[in-house]
Amino acid sequence: MKQYKIFVTGKQGIFDPAGETARHALDNLGYIGIENLRIDKYIQLDTSDTVTAEMVKEMCEKLLANPVIEDFLIEETVMTVAEEAAEQTKAEADE
Amino acid sequence: MKQYKIFVTGKQGIFDPAGETARHALDNLGYIGIENLRIDKYIQLDTSDTVTAEMVKEMCEKLLANPVIEDFLIEETVMTVAEEAAEQTKAEADE
Amino acid sequence: MSRVEDLRFGVVTFPGSNCEQDAVHALRHLGYQADYIWHQDTDLNGFDAVVLPGGFSYGDYLRCGAVARFSPVMAEVVGYAESGRPVIGICNGFQVLTEAHLLPGALIRNKGLKFLCQNVHLRVEESVCKWVDLPAGTVLDIPISHNEGNYICDEETLAGLQENAQIVLRYCEPDGSRLSGGSAPNGALDDIAGICNQRGNVFGLMPHPERVTDGVSGSKAGSVVFTAIATYAREVAGR
Amino acid sequence: MTEETRIPAAIADSIETLDPELAAQVAVQLGLTLDEYQGVIAVQGRVPSLTELYIYSLMWSEHCSYKHSKKQLRNFSSEGEHVLQGPGENAGVISVGDGWAVAFKMESHNHPSAIEPYEGAATGVGGIIRDIFTMGARPIACMDSLRFGTLDKPRQRYLFDGAVAGIGSYGNCLGVPTVGGEVYFEEAYEGNCLINAFAIGLMREEHLTRAVGSGPGNLVVLIGSSTGRDGIGGASVLASQEFDEAAENKRPAVQVGDPFEEKLLIEVCLELLKRGLFVALGDLGAAGLTSSASEMASRGGVGIDIDVRKVPQRETAMQPFEIMVSESQERMLAVVKPKDFAAVEEVCKRWSVACTAIGTITDTGRFVVRDSSLPVGSDIVADMPAEMLATSAPEYDPPMARPAYLDELQQADLSWLTKEEKSIETLNSELLTLLGSANICSREWIWRQYDHQVQANTVLLPGADAAVLRISDTGRGSATNRGIAMSTDCNGRYCYLDPYVGAQIALAESARNLACVGAAPAAITDCLNFGNPEKPEVFYTFHKAIMGLSDACRYYGIPVISGNVSFYNESFGNAIYPTPVVGMVGIVDDISQIVTGAFKQQGDTIILVGQTEDELGGSEYLKVLYGQVTGRPPLLDLELEGDVQRVVREAVRDGLLQSAHDCSEGGIAITLAECCIAGGIGALVDLDDELPAVASLFSETQSRIVVSVSEEQVSELITRLQQAQVPYSVIGEIGGESLSIEGKLEVPIAQIACTFSQSLEKMVKQR
Ligand SMILES: Nc1ncnc2c1ncn2[C@@H]1O[C@H](COP(=O)(O)OP(=O)(O)O)[C@@H](O)[C@H]1O
Ligand SMILES: [Mg+2]
Chain G
1 MKQYKIFVTG KQGIFDPAGE TARHALDNLG YIGIENLRID KYIQLDTSDT VTAEMVKEMC
61 EKLLANPVIE DFLIEETVMT VAEEAAEQTK AEADE
Chain R
1001 MKQYKIFVTG KQGIFDPAGE TARHALDNLG YIGIENLRID KYIQLDTSDT VTAEMVKEMC
1061 EKLLANPVIE DFLIEETVMT VAEEAAEQTK AEADE
Chain B
2001 MSRVEDLRFG VVTFPGSNCE QDAVHALRHL GYQADYIWHQ DTDLNGFDAV VLPGGFSYGD
2061 YLRCGAVARF SPVMAEVVGY AESGRPVIGI CNGFQVLTEA HLLPGALIRN KGLKFLCQNV
2121 HLRVEESVCK WVDLPAGTVL DIPISHNEGN YICDEETLAG LQENAQIVLR YCEPDGSRLS
2181 GGSAPNGALD DIAGICNQRG NVFGLMPHPE RVTDGVSGSK AGSVVFTAIA TYAREVAGR
Chain S
3001 MTEETRIPAA IADSIETLDP ELAAQVAVQL GLTLDEYQGV IAVQGRVPSL TELYIYSLMW
3061 SEHCSYKHSK KQLRNFSSEG EHVLQGPGEN AGVISVGDGW AVAFKMESHN HPSAIEPYEG
3121 AATGVGGIIR DIFTMGARPI ACMDSLRFGT LDKPRQRYLF DGAVAGIGSY GNCLGVPTVG
3181 GEVYFEEAYE GNCLINAFAI GLMREEHLTR AVGSGPGNLV VLIGSSTGRD GIGGASVLAS
3241 QEFDEAAENK RPAVQVGDPF EEKLLIEVCL ELLKRGLFVA LGDLGAAGLT SSASEMASRG
3301 GVGIDIDVRK VPQRETAMQP FEIMVSESQE RMLAVVKPKD FAAVEEVCKR WSVACTAIGT
3361 ITDTGRFVVR DSSLPVGSDI VADMPAEMLA TSAPEYDPPM ARPAYLDELQ QADLSWLTKE
3421 EKSIETLNSE LLTLLGSANI CSREWIWRQY DHQVQANTVL LPGADAAVLR ISDTGRGSAT
3481 NRGIAMSTDC NGRYCYLDPY VGAQIALAES ARNLACVGAA PAAITDCLNF GNPEKPEVFY
3541 TFHKAIMGLS DACRYYGIPV ISGNVSFYNE SFGNAIYPTP VVGMVGIVDD ISQIVTGAFK
3601 QQGDTIILVG QTEDELGGSE YLKVLYGQVT GRPPLLDLEL EGDVQRVVRE AVRDGLLQSA
3661 HDCSEGGIAI TLAECCIAGG IGALVDLDDE LPAVASLFSE TQSRIVVSVS EEQVSELITR
3721 LQQAQVPYSV IGEIGGESLS IEGKLEVPIA QIACTFSQSL EKMVKQR
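Residue numbers (our numbering), protein chains in the order written: chain G, 1 to 95; chain R, 1001 to 1095; chain B, 2001 to 2239; chain S, 3001 to 3767.
Just so you know, these hints were derived from the structure itself, not from any lab.
Be careful, since some hints might not be right.
Stated by the list, open to error - The calculated lysine-lysine pairs, modelled on DSBU-like cross-linking and capped at a C-alpha distance of 35 Å, are:
(1) R/Lys1062 with G/Lys2
(2) R/Lys1057 with S/Lys3762
(3) S/Lys3762 with B/Lys2114
(4) G/Lys41 with S/Lys3600
(5) R/Lys1011 with G/Lys11
(6) S/Lys3422 with B/Lys2114
(7) S/Lys3762 with G/Lys41
(8) R/Lys1062 with S/Lys3623
(9) B/Lys2220 with S/Lys3535
(10) S/Lys3422 with S/Lys3765
(11) S/Lys3067 with S/Lys3600
(12) S/Lys3349 with G/Lys57
(13) R/Lys1002 with B/Lys2220
(14) S/Lys3419 with B/Lys2111
(15) R/Lys1041 with B/Lys2111
(16) S/Lys3600 with B/Lys2114
(17) R/Lys1005 with G/Lys41
(18) G/Lys11 with B/Lys2220
(19) G/Lys62 with R/Lys1005
(20) R/Lys1005 with S/Lys3765
(21) S/Lys3310 with R/Lys1057
(22) S/Lys3765 with G/Lys11
(23) G/Lys41 with R/Lys1041
(24) R/Lys1041 with B/Lys2114
(25) G/Lys5 with B/Lys2220
(26) R/Lys1011 with G/Lys57
(27) G/Lys41 with S/Lys3349
(28) R/Lys1062 with B/Lys2220
(29) R/Lys1041 with G/Lys5
(30) R/Lys1041 with R/Lys1002
What the hints assert, rightly or not - Computed list of chain R residues with no C-beta within reach of chain G, every gap over 10 Å:
(31) Pro1017
(32) Ala1025
(33) Glu1035
(34) Asn1036
(35) Ala1053
(36) Asn1066
(37) Val1068
(38) Ile1069
(39) Val1078
Ideal placement from N, C-alpha and C gives every residue a C-beta, glycine not left out.
So that you can see chain G by itself, here it is in the shape it has in the complex (with noise of 0.2 Å):
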C-alpha cells in the first residue's frame, strides 16, 4: 500500500476568500502577529503499489488540482508491512 499526501494550493496573487475571513476572524479574538493564512486543500490517497507518483502527477493536472489557479505538491509515503500493520490495529482500536 502507498500513501499520498497532496497540498492543493492557490496560486501567487490568487485570493483566498475563506483564509482572509478567518485571518480576520483571528484579528477579532485579539491574536496579533498573524501575518498571512491560506487555507487550501490537502488530499489523502490510498493507493495500491501499483499507482505511481507519476500517475499521482497526472491525476493533478487533469482533475485534483485546477492549473489555473491552483499550484500542487505530492508527498509520497511507501508504507512498510509493518507499517501498515500498525495502520491497522490503530484503526481496529479507534472503532
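Using the hints provided, position chains R, B and S with the ligands relative to the given structure of chain G.
Chains R, B and S with the ligands only, in chain G's frame:
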C-alpha cells in the same frame, strides 16, 4: 517570522462525501488502485516570531478546526533569515 | 428556418444538475423546442444550441464543475463549441465551461463565504457575445443563486477579456454605475458576471435568466438572454 | 459508542441470549427502564440477544415510539375530504385538485444541531425531504422554523450561523427552494436551539406510495449511501434524553449529510415509483435500518429477513447491531419483486447509486437479522416478532401539574405600561428599537443564503406573509395557474404564558398569513417542541397546547395530517418555552390574484380589519423595551378570527385589495412600517382607537389585518366588512416619505428601512 502548517482532518468515522465523489471520478477516468481518498484542509499560517505553537493550538481549537468533527495537527517551521529573504524575492517575482 | 419553434435547444443533465428543468421550461415558454441531454450521451446533432444548466453537478465536491467536465457529453460540447455553434453555461454551467477551458478563468467561493440568492443589477457591456443583443449600458435585473460565483483570472487574461470585448455582463448599481470598491456581491474580479469566448458563441454567466422568463414571480427580465441567439443559431446551422 | 456501552465482541456476534444480569444492565445503559426491559422479555418470550436489545432500545425510545405523546396526539383529527393520507406514514398527503396531491411534514433536528449546527441542520433537511419523496412526491419547497438564545452570546451566533448555512447547503444543492420560515431569539432556547424543517412535495395522485411491505419472496433492497458508524446512538438517543455534559460524549455520533447523493436518490426513486417497480418504499431515518424495516413489515403484516453482511459498509469490522441501528444518511429501503430487480438495478446504475438486495419479505411475521459471516446455524443474531416490535412500545400517561408560574405571570398588572404619556420622540425611538430588534427585523440575511427560486415556481419571494408556489411539474409538464401557500408559525412566549391560547394563536396566525395571500387552509403539520415529559409541569403544558391546537383545528375543520414531537429540550434543568410549531398548507386558486403586504400606490386607502385592544402581555414591546416576559397573551376569538380571514381572503381573490399584511409581533406600528418598507412609500395614518398610544401602536391583539385599497374599491370592501360584521376602521392613506401616525409618531421610511434591513446581519457579525 514563523510558519505553521496546520492539517485539519475529519475525525475517524466522519463521512467525507467530497472525497468519495473524487475517488469515483478517478475510477471513471480509468485510474486503477485508488483505495481511499480524503479531502481535508491545509492551513498555512505566517506569523511574527511572537506567535507560539501554544497560541496556534488555541486558534485551532477556537476557530480553525471544528472539534466536534475534526482533528488537527500543527507543524512549525521557523524560517532562517536566508529563507525569509528567498520567500520575499519569490513573492515579489510572483507579483 | 424562420420560426422560433423550429429551433431546438439541448439542455444537459449532469448528476446533481438542478436547473435543467427550469431551463427547458423557460425555453419552451419562449416558444423553442427544448430537450434533455443525458451527460453520457455523445450525440449533439439536431440541437441548434446547447445549455449547461445550473445546479450542483457532482455535489460541487472537489471544485464546482471539475468532475462534470469529464462527462462524455463534454468532449462533444467542446467540439460543438469549437465549430462555432452556440453554447451557454448558466451558474454551475459557467463553472463547467471554465473547468473545460472553453472559457478562461475560474469561479471561486463568494467573498463573504455565504451562499447568495438575490436579485442583482447587471449592466450589458459592448461585447462580441452572440447571446446578448442589447445596447451597451442596458441594465438587467436578474437573480443570482450561488456559493462560488467569484470570478477570478490572472491579469493577462483579464486584459485579453477586456481587449477582445469578451466581458458581457457586469454587476452594477441600479443606475448602471459601478461602485469604486466594485459592485459585485460575490467579489468577482472587475465585477464580471458573464463572459464569452473570442468568437462570442460560448457564453457563461452566474445569474439565472431562466428563472425570470415566464413571469411567475412577476419578472420576465431573463428572456432577452435566450431570444437573441435565434438568428445566430439559424445562421450557423445554415438553415 | 460511549465507554459504558462497549460490550465484549464475543457476545455481540451471537444470537445467544445475554446473561440475564448483564442484559438488564445493558438495557438500562441503552435508555430502557427496568419495566420496559421486562416488556422486552415479555414480547420476546426470553432474554434478548445484544442485537435485539439494541433494536428494542431504539424502537422504544421516545423519538421512535412516541411513548409519552401517543395518547395526547389522539386528540388531533385528521379527517377531511381532501386528506389522502393522515398520520402514520412518512408524510401526510392531501389532494389539491385536478389530480394533483401534495405530501408534507415537519420534523425537528434540535438535538443534533445543538452539537453540530451545520451538519445537524443539514441532515434535518435531508431527513424531511426523504419523508416527502418516499411518498412518491417531488419535493418542491422547504421552510424552516428556528429558535436560538439571544445573539449577544457567541455560542448562539455560532449555532444560528451554522444552522442557517447548513439548511441552505442541503436544500440549495438538492434544488429544493427554501421559501420561508420563522426564527425567534429568546433566552429560553439558549441551551436547546430548535431546528424544525418543513417540506412539501407535489405528485399526481396515482403516484402515492406507502411504506407497506408485502409479498413473501419479494426482495428487500437498500438503495443509496453506504453504512458507517455515524449516528449510532445518534438522533434517537439524543432526542430521548435531557441535554447535559454527558451529551459531549455523543459527539462522534454526528452525521454528515451528502445532499448530492440525496439528489440522485430523488431522481432514482421517483423514476422507479413512476414505473411501478417498487412494491413499497421507505426512508432510513432515526434508528436506521431497524425502524424502517420493522415498520414496513409491521404495516404489511409480514416478516423480514435481513443479512447485515450484504449491507454495503463504509467502515470495517462493524457489528450487526451497529449496522442495524446506524443512522448514516441518504439511504432508502424498497421492496421489489424479484422479476423487477434487474430493472431497478439498471436505473440505479444509470444514476451511479448503489442498490443491494439485503433480504427478503417472509410470511413468518418475524423480523430476522442474520450475519452470514458467522457459521450457518449460529448466524441469526436477532429474531423478533415484527409487528410487536413496531407497535408494542409502552404508552405512558404521565402525570400533569399546572406550573405555579402561570398564575403568577398571568395575573401580573401591566397597567403601568400605558400610564406614562410618551412624547413623539420617545415613541419614534421605541419604534426603531423594536424594528431593529432580533425577533422583528428583516430575515433577509437568512433567506439570501437559501435558494428560494430554483424550480421556477416561487410566486412570492420570502418576506411575504406566506410563501406561494405555482402548481406545476416544471420542465416535464405544463404550469398551471393554481398555487400552494405555506406558512409556519408559533410564538413560544405566548405558549409559555398560556399554552392553550398560545397554540391556538400559532394556528390562527398561520391561517391569517394564508388569508393575506388569498389562500384557505387545507391542512396542517406540526412540530411539538417541549421539555422533559416526565416532569408534570412540562407535561401539563404539552397537554394544554395539544388541546388548544386540536380544538382550534376542529373548529375550523383543518385536519392535522402529519407531525413530530421533540421532547427533552431541556438543559441543566431548564426547559425551553413550550413551542408547538404549526406548518400550514393552503390552496390558491389563481396565482395572478395574489397580493403582497407592500403598499402599492399613493392615495390608496389604508383599512385596519379587526380592532385593537390593550393587550401588551407577552408582547415584543414589553420584552424589548422593558426586558419582561409576563402577563396574559392576547385573547383569541375563534369566530372573529375566522370572519376576518374570510373577508380578507375573498377580497384578495376578487381583486379588491392592493395589499394585505397581518398584525403580529410588535403590533400595528410594525405592520405599517413593514408595508411602507416593502413598498418604498410612506403612509399618513390616524389610529383613532381611544387607547393609550403605547397600546394603540404596539399591542398584539389578534385577528387584525392591514389592507390597502384603491379609491374605487373602498366602498365595496366596506360593504363586505359590514355584512360580515367584522370590526374595521379606515386609518389613513398611502403617500409621503414617512410613516406618520397622527399624534403618535413620525419616522422617515429611509430610516426605518435601514434599521429593519440591516439589524440581523449586524447582530450576527458583532464581536
Ligand atoms: N428562518 C427563516 N428562513 C426563511 N425565511 C424566514 C425565516 N424566518 C422568517 N422568514 C421569512 O421572513 C418573513 C417574516 O417572518 P415572520 O415575521 O415570522 O412572518 P409572520 O409574522 O408574518 O409569520 C416571512 O416571509 C418569513 O417566511
Ligand atoms: Mg412577523
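Ascending list of hint numbers which this structure does not respect: The structure conflicts with hints 4, 6, 9, 11, 13, 14, 18, 21, 25, 28, 32, 33 and 34, although it agrees with all the remaining ones.
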